[in-house]
Amino acid sequence: MDKAQFRSVKKSGNFPEPEMSSEIKQPLLRILEKRLSDYKTSITEDEAILERQEVSLRLRYAVMLRLSEKRILQKHIDYLKLFKVEDNNEGGSNKRRKLK
11 MDKAQFRSVK KSGNFPEPEM SSEIKQPLLR ILEKRLSDYK TSITEDEAIL ERQEVSLRLR
71 YAVMLRLSEK RILQKHIDYL KLFKVEDNNE GGSNKRRKLK
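By the count of this note's numbering, the sequence shown reaches residue 110 at its end, each step adding exactly one.
These are calculated hints, taken from the structure and not from any lab test.
Heads up, a few of these hints could be off.
[To be verified] Below, in silico cross-link-like pairs of lysine to aspartate or glutamate (EDC-like), each with a Cα-Cα straight-line distance of 20 Å or less: (1) K35 x D88; (2) K91 x E55; (3) K94 x E61; (4) K85 x E55; (5) K91 x D12; (6) K85 x E43; (7) K94 x E29; (8) K35 x D12; (9) K85 x E29; (10) K91 x E27; (11) K50 x E27; (12) K44 x E33; (13) K80 x E43; (14) K50 x E61; (15) K80 x D48; (16) K44 x D12; (17) K13 x E33; (18) K91 x E43; (19) K80 x E55; (20) K44 x E55.
Work out the full structure: start from the sequences and follow the hints.
The following block contains the structure:
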């Protein structure tokens with residue numbers, strides 16, 4: 011979509027529905043899940059660390075940042091899993107269903 015088309019769509023307010031193909035969805039899920047698994051602690055473990063009173067301020071901020079990153083990754087994973095992808099290889103076309 012070029013700039014003129016984007017301006018036209020933006021002005022009309024009729025934005026296209028999000029579409030997801032398996033060629034996009036599966037690699038994205040793998041990347042996000044891999045990134046989330048790279049952390050040595052889980053979301054639950056980080057929440058437990060933050061509940062402790064004796065945690066230093068420096069550690070508290072570090073864990074808060076790490077926990078925020080994990081929650082963002084997890085929300086994106088959950089969101090991607092909601093997309094239903096239906097591939098139809100007959101005729102070379104893909105049928106896609108939008109997120110409801």
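Taking each numbered hint in turn, which are not upheld by the structure, reported in ascending numerical order? Violated hints: 2, 3, 5, 8, 11, 16, 17; rest satisfied.
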